Every structure is written in C-alpha cells, then in structure tokens.
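Two chains, each in its own frame: build the complex with the hints.
Chain order of the listed sequences is H and X. Converting from the first sequence to this note's numbering requires adding 17 to each position, the first position being numbered 1. Converting from the second sequence to this note's numbering requires adding 18 to each position, the first position being numbered 1.
Wrong hints could be hidden among the right ones.
Stated by the list, open to error - Negatives, chain X to chain H, calculated, CB over 10 Å:
| id | residue |
| --- | --- |
| 1 | 37 |
| 2 | 121 |
| 3 | 139 |
| 4 | 176 |
| 5 | 190 |
Unchecked claim - Below, computed lysine-lysine pairings styled on PhoX-like, alpha-carbon distance capped at 25 Å:
| id | chain 1 | residue 1 | chain 2 | residue 2 |
| --- | --- | --- | --- | --- |
| 6 | X | 309 | H | 277 |
| 7 | X | 326 | H | 340 |
| 8 | H | 332 | X | 151 |
| 9 | X | 151 | X | 135 |
| 10 | X | 357 | H | 332 |
| 11 | H | 335 | X | 309 |
| 12 | X | 293 | H | 363 |
| 13 | X | 309 | X | 360 |
| 14 | H | 205 | H | 255 |
| 15 | H | 277 | X | 220 |
| 16 | X | 220 | X | 178 |
| 17 | X | 326 | X | 252 |
| 18 | H | 277 | X | 252 |
| 19 | H | 308 | X | 326 |
| 20 | H | 90 | X | 309 |
| 21 | H | 332 | X | 135 |
| 22 | X | 360 | H | 308 |
| 23 | H | 340 | X | 309 |
| 24 | X | 309 | H | 308 |
| 25 | X | 293 | H | 332 |
| 26 | H | 363 | H | 340 |
| 27 | H | 292 | X | 159 |
Said to hold, decoys possible - What follows is a set of in silico ranges between Cβ atoms, one per label pair, in the way DEER data are often shown:
| id | chain 1 | residue 1 | chain 2 | residue 2 | range |
| --- | --- | --- | --- | --- | --- |
| 28 | X | 86 | H | 294 | 17 to 27 Å |
| 29 | X | 193 | H | 387 | 55 to 65 Å |
| 30 | H | 234 | X | 291 | 50 to 60 Å |
| 31 | H | 279 | X | 83 | 32 to 42 Å |
| 32 | X | 39 | H | 372 | 52 to 62 Å |
| 33 | H | 292 | X | 394 | 30 to 40 Å |
| 34 | X | 99 | H | 279 | 36 to 46 Å |
| 35 | H | 379 | X | 340 | 33 to 43 Å |
Hints listed in this document are in silico derivations from the structure and should not be mistaken for laboratory results. Since we're looking at a predicted model, the values are computed, not measured. Think of the CB as a built atom: it goes at the ideal place given N, C-alpha and C, for glycine as much as any other residue.
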Amino acid sequence: MANSAVGVIFSNVHDENIPELSRHRTMASIPFGGRYRLIDFSLSNFVNSGITTVGIVTKYNYQSLMDHLGSGKDWDLARKDGGIILLPPYSDETDAPYTNRLEALKGITGFLNHRNEEYVVISDCDVIARVDIADIIRYHEEKGADITMTYIEEEAPIQSGYFMTLTPDEEGRVTGVKINPHLKQKTKCNVYANIMVIGREFLINIIQDAVTRGLSSFGKDILAKNVEGLRIYGYAFKGYCASIDSLEKYYAHSMELLDKNVRDELFGARDIYTKVRDSAPSKYSDGAVVKNSLISDGCEIEGTVENCILFRGVKIGKGSVVKNSIIMQDSVVGSSVTLDCVITDKNAVIRDRRHLAGCAELPYFIAKGRMI
Amino acid sequence: MQRKKECVAMLLAGGQGSRLYALTNNIAKPAVAFGGKYRIIDFPLSNCINSGIDTVGVLTQYEPLELNEYIGNGQPWDLDRSFGGVHILSPYQAKKKSSWFEGTANAIYQNLAFMQKYNPEYVLILSGDHIYKMDYAAMLKAHKATGADCTIAAIEVPMKEASRFGILNTNEDGSIYQFEEKPKQPKSNLASMGIYIFTASKLFKYLTEDDANPNSSKDFGKDVLPAMLNAGEKMFSYRFSGYWKDVGTISSLWESNMDLLGDDPAFDVSDPDWKIHSRNPLAPPEYIGDKAQVGNSLISLGCEIEGKVEHSVLSSNVVVEEGAEVVDSVLMAGSVVKKGAKVVYSIIDENTVVEEGAVVGEDKEKNAGIAVLGRNITIGAGAKVAGGQILDKDYKGE
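Bound conformation, chain X alone (with noise of 0.2 Å):
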C-alpha cells in the first residue's frame, strides 16, 4: 500500500514583515524571537505537532537563511521524519520557468508536487505571523462534519478594527455566504485567521485555475477563496476565540511579549497540555545577583542579571549589570545593559550592547513610543535614545 499523509500543512514564511523594521533587516518575520526563548514559527510548528500534523512545508523566499538554520532537521518540534517531517520550500529554477513565489495561492502552487507527493486528502495552508495556541485537529474534525471543501478559520475582532482584515459573512450554520478582503464598511466582525483547511482536490483544482488566470494577482483572500465562492464550493467557517495577535508591528509584538507576563497571563507558554517546542539555547540556569531586583518578568537560561528588571522580557544570556534598569522592555538574546544605563519601554534585539549610563526609550506614559535597536550595535555611554527611535547603527549619542 502506498504510504499517505491524511493532512499535509504548508506554512507560509515568506514574508518580509517591513513594519518590524530594524528587527526584520536579515531575518524572515517568522524568525524575531518572542518570548523569551521562542520565536514567531514555534507556535505554528508546535500547533502542528500537537495537533497530530507532522508533515510542514515551510515556504520561505525573504531572507531565509537564520529561518532555514533555526528549524534545521525540524528535531526540535519531532519533525524529524523519514516520511513527512519539516521540509523548508524555496522557489527554484525549473526547465521552463523560474521564478520568486508571486502572492500567496502561487506560493503553494508551486510546490504542489511537493504536496502532492504524500498524497494528502486535506491540506492545511497557515502562516508565520501570529501568536496563538490552536489544535488544528479539532478544525480538521470540522471541516471532515461539515462535509465543506473549504474551512477557514475565524475569529472576532473588534468591529473598528474590522476592516483591516478579510471580513466572512456568514450564515447561522456556519457556511459562508461571502468573503470581502479588507472591506471598507464591514458586515460582520468575524475575520478570516489566514488558517484555512482545503480539502486537497480542491485546492489543486483552483490552484491550476487561478495559475492560468492572467488577471488575478495569486493570493488565497484575493483570488482563489471568492473564485471558490462564485463557483459554489461549500466554505465554512471555524470559530476560534483563544488569544491570537498578529505581531507583524512593533506595538503589537511589544503588546504580545507583555501579554505573557502577571499572575493571570493573557497568554500562557507554559501550559503543560500544549506545550510550545523550540530550539533550546545551549546555556546554564540564569544567575539573578545580590543586588538584584526582579519582578513580573519572563527571564530565560544564561542570563546575568545584577541590576534592576521590571515587567519586562528577557531571552537567553542577556546580561544586566549593576546599577542597570530595564523596564518594560523586551530583550533578545545576548543583549547586554551596562552598569548604570537605562532602558525603557524598547525593543533589543540580539546581542546589542547599552553602553554605561546610557537611556534608551521614555516611559511608556509619554507616548513618545517604543524605542527599537537592531541587532548587533552600541549605544555609547551616556547616550540618549529617544523614545519611537529606531536604530539599526552604532550610536553614539548627538
């Protein structure tokens, strides 16, 4: 008997993620850390494990080489398989064209062999951009009830807000009735996730179709979903109202980094039924020194940490010396603030260095915004960062 996956996931990382700016200037969006020791992709991947899936195609195309490295042979979400597992998909050279992934639904496109090789009865299309924990399982299970050839998954968001994302209306059961991609006046508040299951007939059919098209610019909410609609596929929605934030801005990645922290968090990392799996640093337990004062904080393995850390979260092997503030921030691994200087409401990415005395950020109060450095630079002593700054060079103070 030929070997079958009964779902194939494909995850789109292809993106850019331009309005994280400095944190996204080498890296793919899913690869900026969150959380501490994670990064965007583990909670997709870990999504996928958890939920019984363990065929992923990643799909990359901007700056892939620390994504590629990150996710390796996929060993750290135990998608290391001989049959399925992890594969990262870039574009490539074929005999009669090549070309760079254009839109969404062309991505996919052009790895249907790579699908259709597991010979799949549904597939499962996400993206690397959102926080959330969900058991895609139970949205297959749907998708198998309801007998619908297109399932997307759905969550509500405030109405002022609505119009930002692509708008499902729908009828009471569920079905979906029509698809407005980012409509200026809003039916409903019911937004389309960017997580769809296709039964895979489906998707291969209008994938071709939408191939061949010369009018449409290849993307799912654009194109191949109301294309699906005209033509009469049953599409249904699937509700969803867990916690699920888009970190594709500064504010809302700061938002979602923050929403981990308190007694109640918003969001929580270490639920024991759904565990979030990443590559682990290889780094002792972190060392909270004499002088120390640490409260409602994530800290994460191989920190040092001598000064002063408040509502604030800290990835692997960041070092705060003596006398050294952060507060509200977030720090990426191997950041380091030194005796006396000051952070404040800020984004660090991986090992920058805050030179002594210096002040990065203003309180949050000010709304002045969140002050962001790139990685890999120094803000010299006593210099000052203004709070929204957003640097990617050595600075050196005025």
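Same shape as in the complex, but just chain H (with noise of 0.2 Å):
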C-alpha cells in the first residue's frame, strides 16, 4: 500500500528558527544525535514505510546535504525507479526561485506529475519522531480524507517562529486551521507535526488552482481557509515527538536521547539509517572517565566526559571535563578543557587550559570550524 505513496521533504523550511546550525547548511542536514542529521529520521520513516521514492526540495546551502545524502545508498535510496530525487528551485526569465511552500510546490509540479503514485506524503525536517507512515495513508483511506495532517498535543505557543495548531471534531475531522494563535498563556494544543497525506493529483490540482487566484500561502490561504471545504483530517500522533525549533529545544532534545526510553522509542529497533563513514570503534584510554554519555564511532577519549553526546570522531584530551554539552564530529578538544553546556559545531578546536560555560537555557555555541 505504502508502495503507492511518493515523499517530498522540504529541506530548508523553518531553518531561520535556528541560525547558529543553519548557516552553513539546511535544516536538513543539521547534525542530531551523535551520527545522524535531522533528514535521517524522515527518510528512515519513509523506507521503514515501504516509500522509495522521495523528492527533497532544497533551496539554498544545500552542498552539505547533497554531501550526506550521495546516492542514497545508505537508505537503500539507490534507485532505478524512483530513491531519492534532489529538486532544487526551479526559476526562468519569468519566476524567481520560490519564496513560500506554495511557490515550491509549484516548482516540483513536473516531478508530482511524471509519478503514478496514488498519494504524496510531505514532511518537513524538524521533527524528530518514528512515525510509521503506512498507518496515516490507512487512516487517510479510512476517513475518506482529502488532506491528513499529523499532530502532537503539546505547550503553546513554542518559543519562536511559526505553528500552526488544528481543531479536530470527535471522527478526527479538522474543523479549525489555526497559524501562530495569539495564546495569552501557556495552553495544550493540537500542533502541526509536519507530516501530511494528500492525494497527488489533488495535490496538483490545487496547486495550479491557488496559483491561477494568485494565493501565496500554503497554510493560510489553501488550509486554514478552506476547512468546511476540504475533508482534512487529523492524525494523532502519540509517540516520542520531538520538533526543533531554537537552539535552546536542539539543546534540550540532544540530551533527551541520555533517557533509555527516548532512546528505546527512537532506536528501538535500530533502523535509522545514515550516512556511514567508516570510522574506527570508539577508543577510551586508561584515564577516561564517561558517565551517562552518548558517544560515536571513532572517539577518542582520554579525559572526563559527563552527560554529553559526542559525535563521530570527537578526541577529548587528558585532564578536560567536559559535561552537559554537544560536541559535533571530528572537533578536537585539547587537554586541562573545562567545558559544561557547551554546543561545538563540527571540525571546533579548543586548546589546551580554555574553560567555557554556558546554560541549559542559553548554551554556549562554538561555530563550526572555530579554534579557540
């Protein structure tokens, strides 16, 4: 059944709710969990749903990405019919490149209509989630549905950026589209997951429709507009959920990955897959002190290292503590380093005797490649 589905990813969507990671790259391809970059958790759903064919629209700063994802291999993405399909932005003398998810949609019409899949399912990258999609399509096919969006119950407002929440009636029926509610004070909501089913020649319809009125938003003026029009669905999502959405929450859903029940949710069945890289088992010298830590492939670790998750290829030298903190792949730490809720990007350097602190709510950011 999933066979008859087609994923898109939107890569680049919401990377300005987190500029620190997003400089140098899409939201797509921002590091997560040791060894893998946030688009490993959609694709994986994907695969894991019986999807192979996937479109990732990219817009910018896409190198890193196109780095990562190669041939697709890795996911077992390599594919004569369909894997993965890179649909960076469409422009001629008349259109520039897209500027709202509208636009974008509109600039992958050619790739929605050269497939025969019967359903599109679009995820952004931000969420964090095992999901099995072939359970939404079956929803979506049970409810009749015109469009099935997933959501979690969750605090809202979110700290920044853009949400959207949704009012489903008692059959599931999303009787209310709301983006950016003003919320007085913190309130359960219905919130937007990012993951949405929708028929593909629906989909294509409506697009060119919203394109001839001259509609720019997807969510606003197709969605939240058009509710007693549309059959659109909601689909409840109880699992872990984790949504990224400022380097505070990246911060705070790192280390929840330190609890073994997010972790037994996430990886349980250990196939999320990623880009391999060939590094060598950790190595922890005689003097290495590690306590409730997640380490990568290729450490290697000589001095103390608390509540942390170390990316691939990470060397932490003799007599440095480093706790509470994140630190991306191949960045070196010297030795006599202190260093306690601290995010390095990749390839950081700190020498030798530096001491650096920030807070759980404000982590002190090294960028990537800094030496400092």
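Structural data, given as structure tokens:
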C-alpha cells in the first residue's frame, strides 16, 4: 500500500528558527544524536514504511545535504525507479526561485506529474519521531480524507517561529486550522507535526488552482480558509516527538536522548539509517571517565565526559572535563579544558586550558571550524 | 579496445579455521569478527581498494553463507563495479567434472576463466587469515622493477617460530634461491606471508601444469612455487616490516584484538590514510551509563554499558549491565553480560548471554587459558565457566 505514495521532504523550511546551526547548511542536514542528520529521521520513516521514492526540495546551502545523501545508497534509496531525487529551485526569466511553500510545490509539479503513485506524503525536517507512515495512509483512506495532517499535543505557544494548530472533532475531522494563534498563556494545543498525506492529483490540482488565483500561502490560503470545503483529518501521533525550533530546543531534545526510554523509542528497532563513514570503534583510554553519555564511532577519549553527546571522530584530551555538552563531528578538545553546556559545531578546536560554559537555556555555541 | 585490469586479486577464503573451534562452527574464518566492528576479511579487502585494486575474486568453500552475505555486492569497500568489483567464487559443477577446491592452487586454477575475463598482466594471491595493512601497489611496483615472474611478500619472524612457516632463502638482491615449506631446521627467518604476485601468463602456465600432475597436492607453497623455482623462473621476496598477525588460533585472535588497545597501539585501525572499510552496523551511538567504568577499551556503536569494562574490545550492540564486569575480553556483536556477572580473559561470540552472577573465564595470570563461548548460547545465572573452557551449547553450571 505504501508503495502507492511518494515522499516529499522540505529541506530548508524553518531554517531561520535555528540560525546558528543552519548558517552553512539546510535544516535537513543539521547534525543530531551523535551520528545522524535531521533528514535521516524523515528518510528512515519513509523507507521503513515502504516508500522508496522521495523528492527532496532544496533552496540554498544544500551542498552539505548533497554530500550527506550521496546516491542514497545508505538509505537503500539508490534506485532505478525512484530513490532519492533532489529538487533544487526552478527559475527562469519570468519566475524567481520560490519564496513560500506554495511556490515550492508549484516548482515540483513536474516531478509530481511524472509519478504514478496515488498519494504524496509531505514531511519537514524539524520533527524527530519514528512514525509509521503506512498507518497514516491507512487512516487517510479509512476517513476518505482529502488531506491528513499529523499532530501532537503540546504546550503552546512554541518558543519562536511559525506553528499551526488543528482543531479536530470527535471523528478526527479538522474544523479549524490556526496559524501562530495568539495565546495569552501556555495552553495545550494540537500542534501540526509537519507530516501530511494528500492525494497526488488532488495536490497538483490545488496548486494549479492556487497559482491561477494568485494565492501565496499553503497554510493560510489553502488549509486555514478551506476547512469546510476540504476534508482535512487530523492524525494524532502519540509517540516520542521532538520538534526543533530553536537552539535551546535543539539542546534540550538532544539531551533527552540520554534517557533510555527516548532512545528505545527512537532507535529501539535499530532502523534509523544514516551516511556511513567507516570510522573505527571509539577508544577509551586508561584515564577516561565517561558517565551518562552517548559516544559515536571514531572518538578518542582521554578525559572526563559526563552527560554529553559526542559525534563521530571527537577527541577529548587528558585532564579535560566536559559536561552537559554536545560536541559535533571531528571537533578536538585539548587537554585540561573544562566545558559545561557547550555546543560545538563540526571541526571546532578548543585548545588546552580553555574554560567555557553556558547554561541549559542558553548553551554556549561554537561555530563550525572555530578555534578557541 | 578491449577493457582490461592490470592486476586482479584472488582471495582464498575457503579455510575452515578449525583452530578457532566454536567461533567457526558455522562461519568461515574470514567472516570471524575482529576489532569491534570488523571481520577478518575487511583487512585484505580494504588493502585491495586502498592499493587501487578493484577486481577481487573471493574463493569460498567452507560455510560460505555468512561470508557471502557480508560481502554482498561489495559496496562497503567500494567494490561494487560494473567492470571488476568483488565476486564470490564458489566450487561449481562443470560439464566434464565437478569438484570441491582441492588445495590453494587448485582453487585458483578452477577459476582461471574468471581471471582471464579481465585479461590481467598480474595476479595477486591473498589469504583471508591475517590482520595487517599493506600497500599491494608498492609490492606490484617492486615486482615490475625486478622483472620477477613471482614475488612473495615476506616478513622476519622469530627464529624459533620459523619452522611453522614457508621459509624463503634469498640472495642479497632479494631473489629467492630456495623455498622450504615448514622446515625442521630453518636456514633463515624470512617467512612467506602467503601473499604472492604472479605475472599472469606464468601463473596460468604453472597452474595448468600443476593440475595435470597427478602427484601434486595442488598447493602453492608445496607444489607451484617449488616447481617455478626448479624451472628457473625469476622469483623475488618483497620485505614487509609492519604489523602482520595470523589470527588462526584462539590465543592469536585474542592477542591481535588486544594489540588495538593502549595509547600507542601495536596496530591502529583509525589511521585516516589507510581506512579499514567494513559493513557498518545500523545502530545509534553507544551509551555509557551513570555507573559505568570504561577504561582502555574499544567500544562500538549500539553498546549499552552500565558496568565495568576494562582492557576489552566490544563489538556493536553489546550490553554490560550494572555491576557486571568485563576484563581482558573480546565480546562480539549483540552479546549480553547481565547484572553482577563477570567475564574475564574470554572471547564471547555473537548474541550470547551471560546471565546474572555467572562467571566466565579466569584471570590471565592463572594461566588457565582463554574461555570461549560460541554464538547464540546462554550461560545460566550463577554458573561458572572455567578458564580455557570452550562452550558451544547452553550451560547451566555444574
């Protein structure tokens, strides 16, 4: 059944929520969880649900994403028919590259026209969850829906940026869609979890219709204004779901991975795929002290590491104490360094005897390749 | 123009490895796990691709299922090619006769057609029993420079062990004047590493002659190399001085794993200039818990460590529960050491479970030997497995 769906991943949306990490890359290629990029979770959801054609909509800064994806073979998506298809922005003399989701969708109508699957599943990259997409499609068919939107129950308003809330009735039919609703205090809301199922031909039709009518927003003009005319259904997602809309949230959700229950839910079946790098197993030297931490392959640890997430190829020198920190790929921490609540991007170098600290609400961020 | 490959590698991977006992009950020796995430065959395959040799025939015979599956299409080693790449070569049925591979030379001879398809100038013969990093391209360069018909890689071994090897007696220029297979009174300590480069035409000629010889045991060391030398072919040694270890016994497999540990390890698998490629486990980063103590060890992806791990090598998805201890040991993928259990000076194969409070192995100093647990077995709660004991079935204790 899931073979009758094609996946579409928006790799750039919501980049602005987390400028520190998306300065040199797309939201999709933000590193997460020691050896993954955010897109790995969406891609793995597709692959594990039997969807093997995935279009990836890009806009800018997508070199790191292309490097990560390669031919798609690490997700078993190097296929003759389908597989990973990169969809860079399309523009000509009359059209500038897209500025909103609707224009982006218009730009990929060629791709959508050439497929013959019945459904399109649209997913953004800022949500980390293990979702059975086949189950959402089943629900979509049962309800005879035009559009099925997944949601999670969450305290809103969310810290920053754009969010959408749904009001489903008892049957699951969505009777209200609100965009950035004004809330006086923290309220439990059904927040759209950025995964949507929609008929392929239906989607092509509404895009074309919207373009001829000069509409500009998929959320405002199509979803919010047509809850009566369209059969929109909400699919409640109950599992672990982390949406990343700020550096603070990025930090908090990363640290949640130190909880066994969260790890079991995300990785329990060991089927989150990612690019492999052929690093050696991590090496713990005689004086190493490691507590409550996730350590990826290729690390060399000589110091103390507590409550941390270490990405691939990280080195922690002798006498250093690194706590509550996220150290990304190939970063080097010298000797006698102390770090507390620090996030280093890739290839950062922290020289001997430096002492840096942030706090959980405002982790100290060290940019890619910086030397301190 | 007909496409060709300058050099084709043939990797002998059919050996049973009977001296690894329970570890090779159901798998061929080259498929045995090593160094956390690797298998023995990763080393020659990585050496090939790192040396620019992209056509490799892997000759299998004993329990090939797991090895075949592991190699697959060769993609982890970048050996999935439309011309060349890695190919599994199993014994086959032919119109006139069908037979198992009899001896190393016969295995290669039966696959003459595979080699000839690539019209190579040179053939590299390898075995799947050793842990080492070697640039075969440099050896090939030497082979061309000396104009040899056959070049044999050689390493100096301690004189007292020399009688276990094929020994090369050489002139000053490295040319070989005598080849002795496991001599009782070795004249030199220069041992053959079982790595040969042949000029292809000579190899094909001597293999064909060897096959026709009813008195031959169809072995490179015993038959083909002596025959070439007797016929006056140009044979040279190629000296290798790096790390090279036969992991054909329980103790050498254990030692070689331990050689990866320490600040300045005898053998370094994390060399960025000579990557060891392997099929990677699909697993999240390892988790080291609050009460864990991990020192002087290699730990792989997917492990969950809550206990003590000291001077050990752990493959992927190994679980060491709270209060458990693992010392001086090699734990292969998916093995589990439950609460309060102790594993000392042991090798534990895949998916084997040591239940709560059980004790496996004895301190190295007691000289009782290495305890070995085969795959998919369970050691019952509180059971004791003595040092040097080898088990391949569930064990509940006395």
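Right, here's what the structure says about each hint:
no., hint, verdict
1, 37, "26 Å, holds"
2, 121, "35 Å, holds"
3, 139, "30 Å, holds"
4, 176, "29 Å, holds"
5, 190, "40 Å, holds"
6, X:309 with H:277, "14 Å, holds"
7, X:326 with H:340, "21 Å, holds"
8, H:332 with X:151, "24 Å, holds"
9, X:151 with X:135, "28 Å, violated"
10, X:357 with H:332, "31 Å, violated"
11, H:335 with X:309, "21 Å, holds"
12, X:293 with H:363, "21 Å, holds"
13, X:309 with X:360, "16 Å, holds"
14, H:205 with H:255, "14 Å, holds"
15, H:277 with X:220, "61 Å, violated"
16, X:220 with X:178, "34 Å, violated"
17, X:326 with X:252, "56 Å, violated"
18, H:277 with X:252, "64 Å, violated"
19, H:308 with X:326, "12 Å, holds"
20, H:90 with X:309, "38 Å, violated"
21, H:332 with X:135, "47 Å, violated"
22, X:360 with H:308, "21 Å, holds"
23, H:340 with X:309, "16 Å, holds"
24, X:309 with H:308, "7 Å, holds"
25, X:293 with H:332, "18 Å, holds"
26, H:363 with H:340, "18 Å, holds"
27, H:292 with X:159, "35 Å, violated"
28, X:86 with H:294: 17 to 27 Å, "25 Å, holds"
29, X:193 with H:387: 55 to 65 Å, "57 Å, holds"
30, H:234 with X:291: 50 to 60 Å, "52 Å, holds"
31, H:279 with X:83: 32 to 42 Å, "37 Å, holds"
32, X:39 with H:372: 52 to 62 Å, "53 Å, holds"
33, H:292 with X:394: 30 to 40 Å, "31 Å, holds"
34, X:99 with H:279: 36 to 46 Å, "41 Å, holds"
35, H:379 with X:340: 33 to 43 Å, "34 Å, holds"
Of the numbered hints stated above, those contradicted by the structure are hints 9, 10, 15, 16, 17, 18, 20, 21, 27, listed in ascending order.
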